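Residue numbers (the numbering used here), protein chains in the order written: chain A, 1 to 214; chain B, 1 to 251.
FYI, nobody ran anything at the bench for these hints, they're computed from the structure. Owing to the predicted nature of the structure, the values given are computational and were not obtained by experimental measurement. Any given hint might turn out to be false.
[Said to hold, decoys possible] In silico EDC-like pairs for lysine to aspartate or glutamate, Cα to Cα no more than 20 angstroms straight-line:
#1 Lys207(B) to Asp246(B)
#2 Lys210(A) to Glu199(A)
#3 Lys63(A) to Asp101(A)
#4 Lys115(A) to Glu193(B)
#5 Lys71(B) to Asp10(A)
#6 Lys116(A) to Glu193(B)
#7 Lys121(A) to Glu193(B)
#8 Lys118(A) to Asp101(A)
#9 Lys200(A) to Glu37(B)
#10 Lys118(A) to Glu87(B)
#11 Lys68(B) to Asp101(A)
#12 Lys5(A) to Glu211(A)
#13 Lys72(B) to Asp101(A)
#14 Lys138(B) to Asp175(B)
#15 Lys112(A) to Asp175(B)
#16 Lys71(B) to Glu30(A)
#17 Lys71(B) to Glu173(A)
#18 Lys243(B) to Glu92(A)
#19 Lys121(A) to Glu163(B)
#20 Lys132(B) to Asp115(B)
#21 Lys118(A) to Glu37(B)
#22 Lys115(A) to Glu87(B)
#23 Lys243(B) to Glu30(A)
#24 Lys121(A) to Asp213(B)
#25 Lys118(A) to Glu193(B)
#26 Lys72(B) to Glu173(A)
#27 Lys68(B) to Glu199(A)
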Amino acid sequence: MRLKKIAIIDYGFGNIRSVVNALNYCATAEAVVINSPVEMSRFNGAILPGVGAFGPAMHFLKKKGFDEAIYNYVNTGKLIYGICLGFQLFFEKSYENGIHDGLRLIPGEVKKFEKKNKNMKIPHMGWNNIKIFQNNSYTKKMFKSITNNESFYFVHSYYVMPINLLQTSSFCEFGVKFCSSITYKNIWGSQFHPEKSGEKGLVILKNFIKEVNA
Amino acid sequence: MLKLRVIPCLDIAQNRVVKGTNFINLRDAGDPVMVAEQYNLYGADEIIFLDISATYENRYTTVDLVEKTAKKIFIPLTVGGGIKNIEDIRNILNAGADKVSLNSAAVYNSRIIKDASNIFGKQCIVVAIDAKMIKNNKWNVFTHGGRIDSGIDAITWANKAVELGAGEILLTSMDKDGTKNGYDLDLLKKISENIPIPVIASGGAGKLNDFSDAYYAGASAVLAASLFHYKEFTIKNVKQYLKSKDIPVRF
């Protein structure tokens, strides 16, 4: 079988190595790191990774011209998956260190966790179980072979609030019930790191690869 | 619910897993990549590589080892030992590590915490504190594998590390390390009550209830080395015990 080529968007911000390693380990895809927006149109599947702060990340995306490239790419109906900060960037705006505009692919905002008690340590770091939200017709694709309440690895201090509840594909709880992933047509995203969530995380990446056109 | 993380620590010297009592008398326990793969299979929530020979032998933690490991396991990997500057951190993160653990370098040049967390993000900066009790309820930070008393109070230092941008504290009790008498719960409680970021309890785990005690004292994660290497307990044993105490764990 020919390996499906998946673009890993490298906008000079955060570690992309883990995503590359995990995709290649899946043995059904070949991760191709791209750092120029013109390359995007060659691919039918793309991943927007990212760790760090929202403002600087958006700044780098724009500086490299990836904001427009991603927008055009998504409009053609091709699949994209945003991980952690990459997922947050899909939204309209974030309140991380000021107010910053995002890519505006998904209506909604990104907000900071509030400390509810002294035992609640922020960032939300570690493994947490998610509730799969079945009312979304794309959910089954992302969570194929994943049972409800499975745990995934999170590291973040901010969480997304999509305006349209039906775009959510899973929820998680940390002081507040928050959206841990979305699947909306060709846009997938998760707050957790599938590339760091052991076997179950790899299953989600495989599910993504499966949906990418050869 | 957020789970209590169970973390095996691989103390590494010359690219082999070793573990000593109170950081001396090293014994060989195998190849780090293979050991990490085993732990991943057995349900470790995270893995820590600590190059214990790095600081005093002036060596850099091996980037090569991190690269090999990161291609085979897909859970968070933290690497520490002998990290001196931003370049070291960059090399280790680029090799595939998710976090770096800073110890001696951070104590003597605390700016590195601030710079590193600005460049790479707080989430990948772990500040390791080796604490030793010098009198009742007073702990100092020791450096260079626990051989030098920095004269700095451990609680003051933990707070400063948070201020500078640490994302997590790896708290090792030098008094308890290698004794199997349980974690230093007083120290753990003092630190975790005082700081808003996760604390990893380290040093002294010997019995199953030591892990639950650490959780009750405020730990977000529990670390052990020799206990797991010599298979006195498996990670599964520990998690089953924790689950029986209604402590949230991942299987």
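Verification of the supplied hints:
1. Lys207(B) to Asp246(B): 17 angstroms, holds
2. Lys210(A) to Glu199(A): At roughly 16 angstroms apart (the allowed maximum being 20 angstroms), Glu199(A) and Lys210(A) satisfy the hint.
3. Lys63(A) to Asp101(A): 14 angstroms, holds
4. Lys115(A) to Glu193(B): Roughly 14 angstroms separates the two Cα atoms, so the pair holds.
5. Lys71(B) to Asp10(A): 19 angstroms, holds
6. Lys116(A) to Glu193(B): 15 angstroms, holds
7. Lys121(A) to Glu193(B): 10 angstroms, holds
8. Lys118(A) to Asp101(A): Given pair Lys118(A), Asp101(A) is violated - Cα atoms ~32 angstroms apart, limit 20 angstroms.
9. Lys200(A) to Glu37(B): 16 angstroms, holds
10. Lys118(A) to Glu87(B): 35 angstroms, violated
11. Lys68(B) to Asp101(A): 38 angstroms, violated
12. Lys5(A) to Glu211(A): 12 angstroms, holds
13. Lys72(B) to Asp101(A): 37 angstroms, violated
14. Lys138(B) to Asp175(B): 12 angstroms, holds
15. Lys112(A) to Asp175(B): With a Cα-Cα distance of about 38 angstroms, the restraint between Lys112(A) and Asp175(B) is violated, given a limit of 20 angstroms.
16. Lys71(B) to Glu30(A): Distance ~14 angstroms between Lys71(B) and Glu30(A) Cα, so the pair holds.
17. Lys71(B) to Glu173(A): The given pair, whose Cα atoms are some 31 angstroms apart, is violated under the 20 angstroms limit.
18. Lys243(B) to Glu92(A): 40 angstroms, violated
19. Lys121(A) to Glu163(B): 15 angstroms, holds
20. Lys132(B) to Asp115(B): 27 angstroms, violated
21. Lys118(A) to Glu37(B): Measuring from Cα to Cα gives roughly 35 angstroms; hence the hint is violated.
22. Lys115(A) to Glu87(B): 34 angstroms, violated
23. Lys243(B) to Glu30(A): 39 angstroms, violated
24. Lys121(A) to Asp213(B): Distance ~18 angstroms between Lys121(A) and Asp213(B) Cα, so the pair holds.
25. Lys118(A) to Glu193(B): Given that 20 angstroms is the threshold and the Cα spacing comes to 7 angstroms, the pair holds.
26. Lys72(B) to Glu173(A): 30 angstroms, violated
27. Lys68(B) to Glu199(A): Cα-Cα ~18 angstroms, so holds.
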